[in-house]
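Undergrad: Okay, here's what each chain looks like letter by letter:
8 protein chains.
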Amino acid sequence: MNPDNIKKLLNQVSKNKLSPEQALQKLKQLPYEDLEFARLDHHRQLRSGIPEVVFCPGKSLPQLKSILKKLCSTGQDVLATRMSEDVFKKLKSSLPGKVRYHQQAHMLVFQKKPPTCRGKVAVVTAGTSDIPVALEATVTLETLGSGVEQIFDVGVAGLHRLLDKLETLRSSRVIIAVAGMEGALVSVIGGLVDQPVIGVPTSVGYGASFEGVTPLLAMLNSCSPGIGVVNIDNGFGAACLAHKINLLGES
Amino acid sequence: MNPDNIKKLLNQVSKNKLSPEQALQKLKQLPYEDLEFARLDHHRQLRSGIPEVVFCPGKSLPQLKSILKKLCSTGQDVLATRMSEDVFKKLKSSLPGKVRYHQQAHMLVFQKKPPTCRGKVAVVTAGTSDIPVALEATVTLETLGSGVEQIFDVGVAGLHRLLDKLETLRSSRVIIAVAGMEGALVSVIGGLVDQPVIGVPTSVGYGASFEGVTPLLAMLNSCSPGIGVVNIDNGFGAACLAHKINLLGES
Amino acid sequence: MNPDNIKKLLNQVSKNKLSPEQALQKLKQLPYEDLEFARLDHHRQLRSGIPEVVFCPGKSLPQLKSILKKLCSTGQDVLATRMSEDVFKKLKSSLPGKVRYHQQAHMLVFQKKPPTCRGKVAVVTAGTSDIPVALEATVTLETLGSGVEQIFDVGVAGLHRLLDKLETLRSSRVIIAVAGMEGALVSVIGGLVDQPVIGVPTSVGYGASFEGVTPLLAMLNSCSPGIGVVNIDNGFGAACLAHKINLLGES
Amino acid sequence: MNPDNIKKLLNQVSKNKLSPEQALQKLKQLPYEDLEFARLDHHRQLRSGIPEVVFCPGKSLPQLKSILKKLCSTGQDVLATRMSEDVFKKLKSSLPGKVRYHQQAHMLVFQKKPPTCRGKVAVVTAGTSDIPVALEATVTLETLGSGVEQIFDVGVAGLHRLLDKLETLRSSRVIIAVAGMEGALVSVIGGLVDQPVIGVPTSVGYGASFEGVTPLLAMLNSCSPGIGVVNIDNGFGAACLAHKINLLGES
Amino acid sequence: MNPDNIKKLLNQVSKNKLSPEQALQKLKQLPYEDLEFARLDHHRQLRSGIPEVVFCPGKSLPQLKSILKKLCSTGQDVLATRMSEDVFKKLKSSLPGKVRYHQQAHMLVFQKKPPTCRGKVAVVTAGTSDIPVALEATVTLETLGSGVEQIFDVGVAGLHRLLDKLETLRSSRVIIAVAGMEGALVSVIGGLVDQPVIGVPTSVGYGASFEGVTPLLAMLNSCSPGIGVVNIDNGFGAACLAHKINLLGES
Amino acid sequence: MNPDNIKKLLNQVSKNKLSPEQALQKLKQLPYEDLEFARLDHHRQLRSGIPEVVFCPGKSLPQLKSILKKLCSTGQDVLATRMSEDVFKKLKSSLPGKVRYHQQAHMLVFQKKPPTCRGKVAVVTAGTSDIPVALEATVTLETLGSGVEQIFDVGVAGLHRLLDKLETLRSSRVIIAVAGMEGALVSVIGGLVDQPVIGVPTSVGYGASFEGVTPLLAMLNSCSPGIGVVNIDNGFGAACLAHKINLLGES
Amino acid sequence: MNPDNIKKLLNQVSKNKLSPEQALQKLKQLPYEDLEFARLDHHRQLRSGIPEVVFCPGKSLPQLKSILKKLCSTGQDVLATRMSEDVFKKLKSSLPGKVRYHQQAHMLVFQKKPPTCRGKVAVVTAGTSDIPVALEATVTLETLGSGVEQIFDVGVAGLHRLLDKLETLRSSRVIIAVAGMEGALVSVIGGLVDQPVIGVPTSVGYGASFEGVTPLLAMLNSCSPGIGVVNIDNGFGAACLAHKINLLGES
Amino acid sequence: MNPDNIKKLLNQVSKNKLSPEQALQKLKQLPYEDLEFARLDHHRQLRSGIPEVVFCPGKSLPQLKSILKKLCSTGQDVLATRMSEDVFKKLKSSLPGKVRYHQQAHMLVFQKKPPTCRGKVAVVTAGTSDIPVALEATVTLETLGSGVEQIFDVGVAGLHRLLDKLETLRSSRVIIAVAGMEGALVSVIGGLVDQPVIGVPTSVGYGASFEGVTPLLAMLNSCSPGIGVVNIDNGFGAACLAHKINLLGES
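Protein chains in written order, with the working numbering: chain A, 1 to 251; chain B, 1 to 251; chain C, 1 to 251; chain D, 1 to 251; chain E, 1 to 251; chain F, 1 to 251; chain G, 1 to 251; chain H, 1 to 251.
One should not assume that every hint holds.
As the list claims (entries may be wrong) - Sample of chain D residues facing chain E (criterion: CB under 10 Å; computed from the structure):
1) F55
2) N221
3) V229
4) V230
5) N231
6) C240
7) H243
To be verified - Simulated restraints on C-beta separations:
8) A:L61 to H:L166: 32 to 40 Å
9) E:T116 to D:D86: 50 to 58 Å
10) D:Q104 to E:T116: 43 to 51 Å
11) D:G249 to G:K89: 56 to 64 Å
Said to hold, decoys possible - In silico DSS-like links for lysine-lysine, alpha-carbon gap of 27 Å or less:
12) E:K90 to C:K89
13) E:K113 to E:K90
14) G:K89 to A:K17
15) F:K8 to D:K17
16) E:K8 to B:K17
17) C:K90 to C:K120
18) D:K90 to G:K89
19) B:K113 to B:K98
20) D:K165 to B:K8
21) A:K65 to A:K112
22) F:K17 to D:K15
23) A:K120 to A:K98
24) G:K89 to F:K165
25) B:K17 to E:K15
26) E:K89 to E:K112
27) D:K165 to B:K70
28) A:K8 to G:K8
29) E:K90 to C:K165
30) C:K70 to C:K92
31) C:K15 to H:K92
Quick caveat, the hints were computed from the structure, so don't treat them as lab data. A virtual CB, placed ideally from N, CA and C, is assigned to each residue, including glycine.
Just chain A, same shape as in the assembly (with noise of 0.2 Å):
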């Protein structure tokens, strides 16, 4: 897919230093491993910048430790999400000792050296339920090597707590902000800041908050723009969003 790599391989067909049988085959022999049931994708942090994410529900026992060993034993940093306690305690003994678990944020990360420190992403919260999404998106950051500042429990409902830590938002390169019930926070932060906000809705509420669904559409109404929105309860995606906006401000 790679231009230069193609034409690399190419020179060499040219200069028969490979046979065209051994480079078809190389262009063929793409980087990820098959388990039969799921393909790791070893090169994803390379091509992506993220690393290889493992979704937990919906997999059995032996698939997850399977998927988790194998990505663990080849030496890249691997996440993996909505994993339960009870799992985590069932996969533990079969997995490197090195594996920490994040019992509110339901992750698991592995990571053989610590990242290096970068500019701060703010993650603000409108309530105290929201925490656990919050703390996603903050596991996901430092696991990908993004500096974090935590703001929690700043609602719209008193609207002091918020104006008060102006400064701290003020100073970080993007802003997550998360938010159940209607979602108030991100619009008003989105307009006191000059920052790229990126909103997460969560299913905080009940009844016609229709789980989160409430927060979601009103974030997508914003009347302030310039804010990005990602699916309820979704801190790891709006984590590598704000990654890769942080990153881009590192050059």
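Assemble chains B, C, D, E, F, G and H onto chain A, guided by the hints.
TA: What follows is chains B, C, D, E, F, G and H alone, placed relative to chain A:
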């Protein structure tokens, strides 16, 4: 229905001033007039504080003409909502000269004597596009006799515009907050003031605002407690509720 | 935020009783306390008439324990909503003895002194299954200091039950009408009384009631003008609004 | 399909009055006529009590002309629903003089002889705007041969208007209740009478009435047992059901 | 409310056999009993042909016990719907021995004397999984006094199964058609018979059946005219309507 | 229903080899067996190419046992879908030894002789969590007699994994593409191959995937023409359609 | 992408008939043409059996003119869908004389040579109003080269009309069933035939048909296994799938 | 709000250069201008990097004229979105000559000096019909000062068109992907590149695309991590977010 009246009636029967048949007839003579296709409720203003209101969509021109002429002839106050200018022009010549048409509010008002002035209701909008709904509320409030404070275009994308009007908000008895898009204005106001707040979602917006469903849901899920919500674009209903609340402060 | 306070402060600065740095610090010291995961808003009761309320779902036991202990220790009134009996039993020993738990309403109340009695709020239900939501409203109202008239199981399938209670309804300042299924009770009450009516749709029903969406929509579309609607099963929110309205009649 | 007819046929075959081939042919000759784009079902009235009905939307003028001419020429009763006045004017000259067009009901009727009079069906509306749907029911009922009692504009916002008509309601065999907005009329009627009640939600309303979805859901969730519901604005379908029920009382 | 009764009462007042105060009292003494949390409607059977029915979900065990004991003690018929076997076992000892519990229908019935037999109602299901809803209808019908013909598992995927039962269908007075998935059974039956057809959508299915929304919508849009629809899984409501229709054929 | 059979029958009647009564009886004797609660359709395999399939949810254990025993005893192939392992364990002892249970596919299969091998159907999944649905398709296909190529975990987030399998895809007769989340796999495959593609949305995902609604809608709106879609998680239905298509290529 | 082509290319490079740079260039020269606002895919017919199809809504007249002229000039077959007659009249003069416009199907077809005749696809509609969608399928099928059997207006309200056409249905290779309202036709056909059935829901209907959502859901939940569904009113997509299936029977 | 400014102000008060009253006044004088119906926010560009933007729908012609004249007179950049050509023609004469109207993007731009050139934002569309939304993004980006790479009509039905543009995509700082129908383009791009990707669903499509809901949901559920989504057809919002991200790479 009213025990005192029934008692009076029964007393008259007991004293043979009224025959049982006459009494039965009286009990049945409820004060509305039958136009065959519409039953005009002449005592409603007495009963519920709100005059007979004519919702125009779905009614034919001859029906509207007949209903409005009849109502105006009784001397009570009359309100017609969602009347297009086109319809008004066709009805105009059949109605009393005192009838007023409010173009932006799409309302027709017929009112014998100006009501006495009362406490203030603040009518606030997030944007300029929400003004027609706010005017429906304003016209209704003024017809019912409530004073109105208009604060337009103070949406949360520029929070300072709202904060600057806090004193006006806090000196009103009730606040009607009109907002489309994500409707965050209502939550922010609800967190800043003591007064009862009535949220009116509007169909201003596009795409995932779903003709006002998004601000409706957002207002219903507000993290600020004590907010009552009315139907999308229902400035009239919000005004009725606000006026009833306003009246409580008069005594 | 409060101009009088700022003016006082500025006067002190002007008279050099306060240095600019101290004044800046004071302006920033907003009266909430930071528990890291929750910012407790000690002045909310002063500001909005409603004490700090803890919405329990989504908060861990340690978080709830920490938040509630802190709040109780400040001497203000405390309300916690949607607390299961199981959670209460686990928290009980950590909280002051004066704490009361209302099993059917799923609420915890901590209140130093009984509030002075005020005008009445009628809390009406369509059926027996709507009672838990009505009790959430009742407990909230009584904690805030409003008197309550309970009228339960008067749904429109047997209209005479409601008509029999008209006098009680008409002698209340505000009416909270709680109904599931098709929520017609709210419209019928709205057509019979003068008072502000607050509709609380409940999730009572099955099939196409969609967990309370049907009565919610029905109440929003009521043909009786002047009805404010709150979220599904939100007895607490209805009570906050009713209490604010009730207070207007006190002056 | 009908065993008696098949038996007769088989008897004829057994007695060699009919060859097997002829019998097969007879079994296949079902009494409909093929216009290529529409199969006219001439025996439907016999089979289901309802004549062939033409639903006009989506059919081209030439198709309508051809279908209606054919049907009228067979001497059976013909109903066409949702025909705009504009379409009728273009078809008029091609149809028999006896054809009647009902402008408010948007229906065309062709009927050879007036049906014998039967028990009454009450057709009730909540508002004046619901009348076109009620007229679709009325015209259909009268064409099928049921007597009709019309009671219009008796919505629950003014309950006395409905209570005044109770005797008329109770002397009907079936009640068709037509209502938009929140559709509460149906539940209230259902709680007051013995008769089968058919609810027709209408698209009268705005905002969260969602073009009639709200009254539809409300009627389906009625707390009054024994209510059958038809599609939004489906006066025709309600009339068919009411007529079938009415016929049961004739025998 | 009943004019004859009022007239009698007024006659007694006129003849001074009753004082006005006594008459007023009588007019108010409506025949229901107040259990504080539930108003039992002892005259409902007289008024609407359907006995008082207890919808169990959302009621506590003590509430159910108190309501059912009271109702059974009055000698009227009693129906309780959606009662789990577990709840029944806990209530059993407090109720009269004559109480019957129908496990598959989740219903409790208390009935003093067997009703006289009447015309038949056909209860038809598309599949075996729809049977519990059909049994709710059957038990209700038999308690009310209607005869029942059960025709189960005749869905349209094997049309011959239904066509084979046409004679039974055509000899019933009313047909209740119970179907989940796409609910096509109702339309097919509606096209084959004269009788009133009541459609009961069920929550049988998965994915895009949305817990019964799909057959509900399908039945509401049936191309066969004259079908009344009830709520999802509402066998009880369908039976009430069918019984009322069945009664019309008795006279 | 089949003209040839009827003709033969009529010939026999004509030749008096069969009395009309016997013929009528024969015409009515449709080949299904009545278990009272379930009508088993023994000729379905002959008629539609798919054996009788038992959808387990909503059926009681005794019903399942009775249905499956009867079906197995007739010697035809039997499939049961969505049977939990728990249910299977309880049924096992009552069923023939040859019955196989597929744990991940939640299916029970009873098959007398292995079918002859035919063209291949490719069953592709976007992720590992989609595998249970893919296995329902696989087991169904193999029971019906189609060969299967399994290609799992080739979602579009790593496009090279899919492109690598293009030859396998292109050598299949039909492709079943199973995907949750946004279901983009189906469109991408549809743009790369000639074959008929059947999309199976799965409930894999969270938040705004709405239990599979999102991939369902995405597949229905695919920009690649020629894609047929089945219900969410309906591996069985996709396999039936794929097998019917596969059979066309056999002739 | 195609291994054989790459291998040939690599062989040429190996034999130095092609420089690596030229080979790279060739690998990149994909056969589409860039009109800046539209990339015309000249090899699509070769690749997927379906010619380039132009979806007209949302494209400006100049864009349509430019795209269609270019496509026609290449000599391949061209289809344009959802083109209003008005647009066609404005484009007509710019296009080759051989272009045909199908008014009822809203399609434009440009086809050099008539395709060879193949197996038949039955296109069935429930009503007359569904015919435009059926014609979109018919025109597409005939352009692609499939024979078509049209069977219109055989909805399940008059089942005999469909049963009469069973032989025609059973002699087709594939069946496209087009239905609005409740879409039951698809399930009934699916239960009667062996062939693959493709369901096309249409927006014919009103109220709770929700512009075709109801038949769409009904078809997805069909109790007859083996039905593939396409988007609402998507006659074109159904035809593409049917043609691909039809082709499998040719070999 | 800004501590430095407050400190300066307080210093002035401390030095008695400013009286407390004057200071209070200054603290309140926020830099917006009040047109009664619209509050123009002259400092927004300074505060959030985005100039004041006028959303035209719902605003009357006189309102638009007044707002735009005022804004243009201040010398800042002005953007107006969703302005129909008709409206522009009526406003044209009242606005400065330098105003530009972009017909396909429905935007009006007033810009004093061309911004300095920065990194590139790639704006990609799936189809030709998505171009108007892409142009709204393009015009916004260019007004804000970001460079734009346009890549149109590269939807996944012809994957080679997209793969051919990979180098252009990979050399951009941010990618805006605009797609209707099933929106799969966004996921495919997200899996191929490192850059932040912003998904813009469009209302291009029909039937079950539900005016853009389908691509909106698909993008929110993308299996490619790191995608931010904006409202349907919101090219403007996507551009604001992309520009903010682009700016981070400038430093």
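Undergrad: Hint by hint, note whether the structure agrees.
TA: Hints, verified against the model:
At its closest, the beta carbon of F55 (chain D) sits 9 Å from a beta carbon of chain E; the interface hint therefore holds under the 10 Å criterion. This hint holds: N221 (chain D) has a C-beta 6 Å from the nearest C-beta of chain E, less than the 10 Å allowed. With its C-beta approaching chain E no nearer than about 5 Å, V229 (chain D) sits inside the 10 Å limit, and its interface hint holds. Contact between V230 (chain D) and chain E, as hinted, is supported at the beta carbon level, the nearest pair being about 7 Å apart and thus within 10 Å.
Interface hint at N231 (chain D): satisfied, since its Cβ lies 5 Å from the closest Cβ of chain E, which is below the 10 Å cut-off. The interface hint given for C240 (chain D) is met, as the beta carbon of that residue sits about 4 Å from the closest beta carbon of chain E, less than 10 Å. With its C-beta approaching chain E no nearer than about 8 Å, H243 (chain D) sits inside the 10 Å limit, and its interface hint holds. Remark: the range hint 32 to 40 Å for L61 (chain A) to L166 (chain H) is upheld by a beta-carbon distance near 38 Å.
Restraint check, T116 (chain E) to D86 (chain D): a C-beta distance of roughly 56 Å satisfies the suggested window 50 to 58 Å. Checked against the hint of 43 to 51 Å, the pair Q104 (chain D) and T116 (chain E) passes, with Cβ atoms roughly 46 Å apart. Checked against the hint of 56 to 64 Å, the pair G249 (chain D) and K89 (chain G) passes, with Cβ atoms roughly 58 Å apart. With a C-alpha separation of about 25 Å, the suggested pair K90 (chain E) and K89 (chain C) falls inside the 27 Å cut-off, and the hint holds.
A threshold of 27 Å between alpha carbons decides the hint, and for K113 (chain E) with K90 (chain E) the separation of about 26 Å falls inside it, so the pair holds. Taken as a hint, the K89 (chain G) and K17 (chain A) pair is broken in the structure, with Cα atoms around 62 Å apart against an allowance of 27 Å. Between K8 (chain F) and K17 (chain D) the CA atoms are separated by roughly 18 Å; this keeps the pair inside 27 Å, and the hint holds. Between K8 (chain E) and K17 (chain B), the direct Cα distance comes to roughly 18 Å. Compliance with the 27 Å bound is thereby established for this hinted pair.
Under the criterion of a C-alpha separation no larger than 27 Å, the hint pairing K90 (chain C) with K120 (chain C) is inconsistent with the structure, at around 35 Å. At roughly 25 Å between alpha-carbon atoms, K90 (chain D) and K89 (chain G) fall within 27 Å of each other, so this suggested pair holds. For the hint pairing K113 (chain B) with K98 (chain B), the CA-to-CA distance comes to about 11 Å; that is within 27 Å, so the pair holds. Our distance criterion of 27 Å between C-alpha atoms is met by K165 (chain D) and K8 (chain B), whose separation comes to about 25 Å.
Distance check on the hinted pair: K65 (chain A) and K112 (chain A) sit about 19 Å apart at the alpha-carbon level, within 27 Å; holds. At most 27 Å may separate the alpha-carbon atoms for a hinted pair to count; K17 (chain F) and K15 (chain D) meet this at roughly 13 Å. The suggested pairing of K120 (chain A) with K98 (chain A) holds, with an alpha-carbon distance near 26 Å, which does not exceed 27 Å. Distance hint between K89 (chain G) and K165 (chain F) is unfulfilled; the C-alpha atoms sit about 46 Å from each other, more than 27 Å.
Among the hinted pairs, K17 (chain B) with K15 (chain E) is consistent with the structure: their alpha-carbon atoms are about 13 Å apart, no more than 27 Å. Between the alpha carbons of K89 (chain E) and K112 (chain E) the distance comes to roughly 21 Å, so the proposed pair stays at or under 27 Å and holds. As the CA atoms of K165 (chain D) and K70 (chain B) are separated by approximately 22 Å, the hinted pair is consistent with the 27 Å bound. Straight-line distance between C-alpha atoms of K8 (chain A) and K8 (chain G) comes to about 18 Å, which keeps the hinted pair within the 27 Å bound.
Between K90 (chain E) and K165 (chain C), the direct Cα distance comes to roughly 34 Å. Violation of the 27 Å bound is thereby established for this hinted pair. Restraint check for K70 (chain C) and K92 (chain C): satisfied, since their Cα atoms lie roughly 14 Å apart, inside the 27 Å limit. Pair hint K15 (chain C) plus K92 (chain H) does not hold up; C-alpha atoms about 57 Å apart against a cutoff of 27 Å.
When each numbered hint is compared with the structure, violations occur for hints 14, 17, 24, 29 and 31.
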